[in-house]
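K.L.:
Sequence:
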Amino acid sequence: MRRRRGPGPRGRFDYGPVLAEAIEQMRIRGATKKALQTGRSRLLLAGVLFLFGFAILAVRLFEVAVLKPDYEPRAASYSSDRYASTRADIVDRNGHLLATNLPTASLYADPTRILDVEEAVQKLVTVLPELDPGMLRHRLASERRFIWIKRHLTPKQKYEVNRLGLPGLAFLDSERRVYPHGALLAHLIGYTSIDNQGLAGLERSLDARLTSTALGAPEALALSIELGVQHVVHEELARTTAEFNALGAAGLVLDVDTGEILALVSLPDFDPNLPGIPEGKARFNRATLGIYEMGSTFKAFTVAMALDSGVVGLTDGYDASQPIAISRYRITDFHPQNRWLSVPEIILYSSNIGAAKMALDVGAERQQDYLRRFGLLTPAAIELSEVGAPMAPATWRDINTMTIGFGHGIAVSPLQLASGIAALVNGGIVRPATLLKRDNDEPVEGTRVIRAQVSDHMRALLRLVVQGGTGKNAEAPGYLVGGKTGTAEKVT
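Everything in the sequence shown is counted per the working numbering, starting at 2 for the first residue and increasing by one.
Worth double-checking, as some hints may not be accurate.
No more than 16 Å apart at the CA atoms, straight line, and that leaves these computed lysine to aspartate or glutamate pairs for EDC-like [to be verified]:
1) 157 - 117
2) 151 - 174
3) 159 - 144
4) 282 - 272
For the record, the hints were derived by calculation from the structure and aren't laboratory data. Source: prediction; values computed, not measured.
My request is simple: use the sequences and hints to build the entire structure.
P.N.:
Here it is in structure tokens:
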């Protein structure tokens, strides 16, 4: 049998390429396997590191939140201070909120980042129609890096502006001062600027107190005002003003024992929540800044100083049967009795003649001294900057003494009159009026101006005026009301 030979040198099978290809495939597989093993090792290492990091973070969070909740007080204080009000609240004597701050957002722009000024103007005006397109266009075309667009946006306005997607616009957190009761306490509390700086009323005069942060967030300022009483006074004055078509009105309620003001109203008034400074008569505080001839209300002071100085007694009197002619003036009675009047009758019938003669007996020097001690010749000491200076004669002649005896020839504010009358009926002590709530345990100091016995007599005389004199309309069932009517001459 013949063996079959394989191919000879010419017909022999060449294993070289096949072997080379096999070797290359084995090399590639080895490199791939090595790369996969390296990748798996790196992923495993990364996973271990991440796991270790999260474990450390979890342990730290557990320690801070559970084991040591007060370990980082700075972070907590930052969070609270970030949103803390920078201006103190104002409350009434019972804690009812009268003024506070609300967090708001203010819109500003960087004009250099505005891509299309016209597009920005058109879109902004659709959301904020109160903007002036021309002014806005001019400002957005400037080269400045910061301009205000609108301050104190509502949440809805902020949302709508955000939806516009305009580059170059941004918001700045801010606060807006708000007054929940609107015009009710306008002249008393006042108002602030757009930057929360006090411009009028207590907001201005106590600005430093309201913004003090020496001990952290400023503490609420408690006023002596009783909100319910303020409402009643405001409503009555508004009704009476409308009934008589008056140009204005003022009224206040004062605690005669402490000097605390429970209500203070001046009409016309304004809403401090509205932007801009009020103009004209609405801005004028008639209760503290306005000064007026108080007319026959001054007769109460004349009688008190005459009784206190011993010039007259309750059983004494004056002849009021004839008018008084002095210089070119003639003093008459509005309700003439044409007879001799006792001291109580002079108050009861509001006799100008009797009061003038009584004042003349007191004398100019003593009259000035008493009026000064009653606080009627110097501006009222109250926590407001809107305080009027009284007007009195430069030269105090007999005619001035007589006319001032029944309230003409001298002008004071309603607050001064109320404080002086308080001293007549509280035992004879002048106490400074205040708009701030006093501590019930704190004694209120004052200055004695008349004897306690004279004060008792004055309460009885003022009660007599309401019972049967010129103040009958003030009588109220269930109350022992005393008072004194007064009329000033209107200058024409």
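K.L.:
Each hint should be assessed against the structure and marked as holding or not.
P.N.:
Hints, one by one, checked against the model:
no.: 1; hint: 157 - 117; result: violated (24 Å)
no.: 2; hint: 151 - 174; result: holds (12 Å)
no.: 3; hint: 159 - 144; result: violated (25 Å)
no.: 4; hint: 282 - 272; result: holds (13 Å)
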